[in-house]
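Q: Now for the letters of each chain:
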Amino acid sequence: MIEAQLVKALLKASITSGHDIIPILLKAVSSVIKCKMCSFWKINNDTDSVSILAREHYYPPHHKEKEFVHPLKGSLIGYVIDKMEENKDIFFGIDSIKNPPFWNYYLSKERALELNLSKMICIPIINYEKHQRGERIFEAILNIYPENEFIMSDQIGEILRDQFSLAISRSRLLSRESLTREIMKIYESRGTKDLSSILHPIINRILRRHINYEGCSVFLWDPFLNRLNLEQTTGIEGKPKKQDVYYYLGEGITGYIAEKKEPILIHDLLDIKDKDLLEKCTHKWTEETPHPKRSFFALPIMRPSKSDELLGVIRITNKLNQIAPVVDYFDKGDLNLVKHACVLIALFMENEQNERIRIAFAMQMGHEMLTPAVAIKGSAERLVRMWNSPFLPEGKVKSYLNDILDHAKLQIALTRTIEYIWKGSSGTPISEKYQIEACDLKQDILIPSRKLVIPLARTEGLKFDNITISGQYPVLYVDKFAFEQVFFNLLTNAIKYRELKNPSSFQINIDCKENNNDTINDEKNNYIGNLKGFLLHIDDNGIGINPAEKDKIFLLGYRRKGIEKTNVRGLGLGLTVVKKILDDFYCKIYVSNYKKPTRLTVFIPEKLLNNKYIREKEWERGTA
Amino acid sequence: MILWVDDDTIPSLRAYYDELIDAGYHVEIARDPDEMWDKLAEYLDKVNCIIMDILLPTGNSVDREEADMGYSTGLVLLQHLKNDEKFKDIPLIILTILNESKIKAWAKKNNIPFCNKQETTSLDLLKKLKELKIPPDRVIHEN
Numbered sequence: 065m066i067e068a069q070l071v072k073a074l075l076k077a078s079i080t081s082g083h084d085i086i087p088i089l090l091k092a093v094s095s096v097i098k099c100k101m102c103s104f105w106k107i108n109n110d111t112d113s114v115s116i117l118a119r120e121h122y123y124p125p126h127h128k129e130k131e132f133v134h135p136l137k138g139s140l141i142g143y144v145i146d147k148m149e150e151n152k153d154i155f156f157g158i159d160s161i162k163n164p165p166f167w168n169y170y171l172s173k174e175r176a177l178e179l180n181l182s183k184m185i186c187i188p189i190i191n192y193e194k195h196q197r198g199e200r201i202f203e204a205i206l207n208i209y210p211e212n213e214f215i216m217s218d219q220i221g222e223i224l225r226d227q228f229s230l231a232i233s234r235s236r237l238l239s240r241e242s243l244t245r246e247i248m249k250i251y252e253s254r255g256t257k258d259l260s261s262i263l264h265p266i267i268n269r270i271l272r273r274h275i276n277y278e279g280c281s282v283f284l285w286d287p288f289l290n291r292l293n294l295e296q297t298t299g300i301e302g303k304p305k306k307q308d309v310y311y312y313l314g315e316g317i318t319g320y321i322a323e324k325k326e327p328i329l330i331h332d333l334l335d336i337k338d339k340d341l342l343e344k345c346t347h348k349w350t351e352e353t354p355h356p357k358r359s360f361f362a363l364p365i366m367r368p369s370k371s372d373e374l375l376g377v378i379r380i381t382n383k384l385n386q387i388a389p390v391v392d393y394f395d396k397g398d399l400n401l402v403k404h405a406c407v408l409i410a411l412f413m414e415n416e417q418n419e420r421i422r423i424a425f426a427m428q429m430g431h432e433m434l435t436p437a438v439a440i441k442g443s444a445e446r447l448v449r450m451w452n453s454p455f456l457p458e459g460k461v462k463s464y465l466n467d468i469l470d471h472a473k474l475q476i477a478l479t480r481t482i483e484y485i486w487k488g489s490s491g492t493p494i495s496e497k498y499q500i501e502a503c504d505l506k507q508d509i510l511i512p513s514r515k516l517v518i519p520l521a522r523t524e525g526l527k528f529d530n531i532t533i534s535g536q537y538p539v540l541y542v543d544k545f546a547f548e549q550v551f552f553n554l555l556t557n558a559i560k561y562r563e564l565k566n567p568s569s570f571q572i573n574i575d576c577k578e579n580n581n582d583t584i585n586d587e588k589n590n591y592i593g594n595l596k597g598f599l600l601h602i603d604d605n606g607i608g609i610n611p612a613e614k615d616k617i618f619l620l621g622y623r624r625k626g627i628e629k630t631n632v633r634g635l636g637l638g639l640t641v642v643k644k645i646l647d648d649f650y651c652k653i654y655v656s657n658y659k660k661p662t663r664l665t666v667f668i669p670e671k672l673l674n675n676k677y678i679r680e681k682e683w684e685r686g687t688a
Numbered sequence: 044m045i046l047w048v049d050d051d052t053i054p055s056l057r058a059y060y061d062e063l064i065d066a067g068y069h070v071e072i073a074r075d076p077d078e079m080w081d082k083l084a085e086y087l088d089k090v091n092c093i094i095m096d097i098l099l100p101t102g103n104s105v106d107r108e109e110a111d112m113g114y115s116t117g118l119v120l121l122q123h124l125k126n127d128e129k130f131k132d133i134p135l136i137i138l139t140i141l142n143e144s145k146i147k148a149w150a151k152k153n154n155i156p157f158c159n160k161q162e163t164t165s166l167d168l169l170k171k172l173k174e175l176k177i178p179p180d181r182v183i184h185e186n
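Here the protein sequences come in this chain order: V and W.
Take 65 as the starting number for the first sequence in this note's numbering and just add one per residue.
Take 44 as the starting number for the second sequence in this note's numbering and just add one per residue.
Be careful, since some hints might not be right.
To be verified - With a Cα cut of at most 30 angstroms, we get these calculated DSBU-like pairs of lysine-lysine:
1. W:Lys170 x V:Lys305
2. W:Lys131 x V:Lys441
3. W:Lys145 x V:Lys462
4. V:Lys306 x W:Lys170
5. W:Lys145 x V:Lys194
6. V:Lys257 x V:Lys194
7. V:Lys306 x W:Lys147
8. V:Lys441 x W:Lys129
9. V:Lys152 x V:Lys128
10. V:Lys306 x W:Lys152
11. V:Lys596 x W:Lys147
No lab work stands behind these hints, which were simulated from the structure alone.
Being a predicted model, the structure only gives us computed values, none of them experimental.
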């Protein structure tokens with residue numbers, strides 16, 4: 065019986081095949097059911113189009129694009145699908161495609177006449193997973209043009225529907241598994257290869273085997289330059305230098321995706337109806353593609369260790385049909401597969417980015433620490449040489465000795481900053497990082513912090529008296545040196561980011577007042593909380609903070625956009641240390657005004673007014 | 044007059060600065076490229092040597108990308124000076140805290156003395172000026 069033959073042939077085919085299961089199954093069908101032609105089409109429900117996945121007994125030339133990809137609307141497949149959605153039949157039988165209304169919808173009339181096609185059987189394939197959930201969604205269709213004597217039955221239809229439905233699901237799973245294995249193999253054998261070298265085979269070979277596309281580029285987020293730099297590509301039009309290809313946040317479609325941290329799928333770049341999207345699609349750079357650009361999608365790549373932080377963006381242009389170089393449409397399945405690949409790629413990217421930050425940090429740190437050391441050495445060398453010289457003016461000795469002392473203190477403060485960064489990332493429990501004692505916030509912390517910045521203020525020609533402290537200050541149970549670091553760094557920042565053109569306007573005001581459960585909002589009126597404790601404001605008349613950077617300023621190594629134009633030195637560490645220490649002590653810091661004055665506010669909770677908190681379980685926790 | 048392009052603070056440079064002043068040199072310090080060009084315009088006829096740091100802010104006159112975000116601003120400036128008819132004959136010295144081989148190689152290729160702040164004492168700098176035959180602006184009489 066034909067049903068038994070069919071089952072046997074299909075089972076044998078499915079056992080022996082890999083993830084190109086559909087062509088093999090189709091071959092099995094045509095070996096049992098004598099037919100003039102058969103074809104298997106995938107339905108793209110996002111774009112209402114169909115793409116050929118496999119065909120037997122007829123192989124059209126590639127320039128006949130409709131034989132490979134065409135819209136559902138106005139096609140015979142579309143007509144059949146509409147009819148099948150209305151009824152619950154297993155298959156749709158057509159006695160002759162040349163009869164109305166079928167012939168009106170038949171797109172390849174030439175082919176029908178050439179092959180003398182008449183009878184047609186269409187078996188829509190239901191999405192297996194959705195079917196299990198009770199949904200009836202067609203994701204493919206099997207078309208058979210049998211020899212005239214063949215008699216179709218519901219049983220044959222069911223066998224074909226179920227086997228192909230399972231095959232599609234299995235193919236999806238196998239594809240994911242194969243992709244994972246291949247990418248992990250690259251990762252395991254990476255040796256000393258850099259990110260760019262690792263990405264090359266992934267986007268040029270591995271990913272392409274699963275989704276055939278013409279162009280792909282991967283961008284890595286640079287936290288120092290605040291932009292997405294091109295890391296690897298299949299090719300960029302115009303063949304620019306790699307270092308010239310980058311996007312800032314919000315710039316073009318790539319920067320837009322980085323900003324929103326959401327994927328975007330554009331079915332047809334030539335048919336974008338959304339005006340905003342059309343504007344964003346004015347790329348600076350586009351992938352080299354043999355065909356005009358049509359289908360496109362891009363995904364943000366998120367950090368595995370912190371899922372809300374961006375690592376990069378991947379963008380892919382022009383899907384190609386599986387069996388011919390004809391431009392096809394991407395669907396959500398493609399997006400999900402690339403998303404899956406990105407989870408793995410993100411492992412490399414995070415490692416690479418951390419390494420770059422570490423190297424940049426070490427370079428900067430080396431320079432920052434060397435400068436006071438060289439100054440100490442220079443002053444000491446002159447003193448040693450000229451100590452007994454009659455030509456060394458008396459006042460000079462004191463100058464040199466003061467320079468040595470100031471630079472030594474500065475170096476100690478910088479070293480302490482590094483120490484707190486190291487402690488913050490070492491996994492040491494908080495309770496072991498700090499020594500808690502009763503400290504008057506003003507007398508024991510703020511005033512000594514102000515003294516620490518005297519040398520910096522003096523060398524910058526600023527009046528130390530222009531740093532004022534006012535308000536009511538509590539006694540806190542905290543680590544005195546840690547909190548001294550907090551305010552040393554906040555004051556240093558305010559000095560560094562002052563208005564250089566108007567030195568006499570330099571002013572820092574520190575004020576403190578109690579907060580009795582009042583609502584605390586930041587500058588954009590975002591709710592922080594209704595909290596009891598103290599609010600400490602640090603106001604300065606400096607260059608201000610860009611609202612877009614208000615949270616980024618606390619990131620390790622972050623330097624403000626354009627800061628290389630000024631003479632502001634620094635590791636970009638200070639505010640990171642500040643935030644880390646304050647977080648450990650349950651405090652909050654936020655920008656409460658961007659300019660005139662620039663105001664940073666520190667909220668100190670009432671629990672720090674006594675030392676009971678150090679006996680709580682939470683204090684024993686590791687670093688965040 | 045020596046035009047010294049360095050954004051470090053005076054106390055950091057004091058040892059070198061005082062050595063040069065005591066030896067009779069007039070030293071003008073420019074803290075960024077913009078200030079350098081302003082001082083060159085003001086003192087061109089008097090400048091007989093330029094001492095250049097490498098790690099400098101880019102200011103408004105140096106391309107950030109070209110200067111690698113400030114990490115090689117000095118090299119960009121030196122190249123501009125060498126390519127400019129008005130300034131190409133002014134003797135140049137590199138005085139930097141960086142000790143990178145690529146900077147040393149660039150200096151050697153362009154025949155510019157390279158001095159590293161970690162190893163170069165103030166006396167060494169003075170000796171370098173004498174080697175280049177840069178005369179002081181006033182004569183110091185040592186009794």
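Q: Are the hints correct? Go through all of them and say.
A: Hint check results:
Between Lys170 of chain W and Lys305 of chain V, the direct Cα distance comes to roughly 44 angstroms. Violation of the 30 angstroms bound is thereby established for this hinted pair. With a C-alpha separation of about 34 angstroms, the suggested pairing of Lys131 of chain W with Lys441 of chain V is violated against the 30 angstroms cut-off. With a C-alpha separation of about 39 angstroms, the suggested pairing of Lys145 of chain W with Lys462 of chain V is violated against the 30 angstroms cut-off. Of the supplied pair hints, the one linking Lys306 of chain V and Lys170 of chain W is violated, its CA atoms being roughly 44 angstroms apart against a limit of 30 angstroms.
For the given pair, Lys145 of chain W sits about 62 angstroms from Lys194 of chain V by alpha-carbon distance, which is inconsistent with the 30 angstroms threshold. Between the alpha carbons of Lys257 of chain V and Lys194 of chain V the distance comes to roughly 43 angstroms, so the proposed pair goes past 30 angstroms and is violated. Annotation: proposed proximity of Lys306 of chain V to Lys147 of chain W holds, straight-line Cα distance about 26 angstroms (limit 30 angstroms). Taken as a hint, the Lys441 of chain V and Lys129 of chain W pair is broken in the structure, with Cα atoms around 37 angstroms apart against an allowance of 30 angstroms.
For a cut-off of 30 angstroms, the pair hint linking Lys152 of chain V to Lys128 of chain V is broken: about 34 angstroms separates their Cα positions. With a CA separation close to 27 angstroms, the supplied pair Lys306 of chain V and Lys152 of chain W stays within the 30 angstroms bound. Among the hinted pairs, Lys596 of chain V with Lys147 of chain W is inconsistent with the structure: their alpha-carbon atoms are about 59 angstroms apart, more than 30 angstroms.
Consistency note: the structure conflicts with the earlier hints numbered 1, 2, 3, 4, 5, 6, 8, 9, 11.
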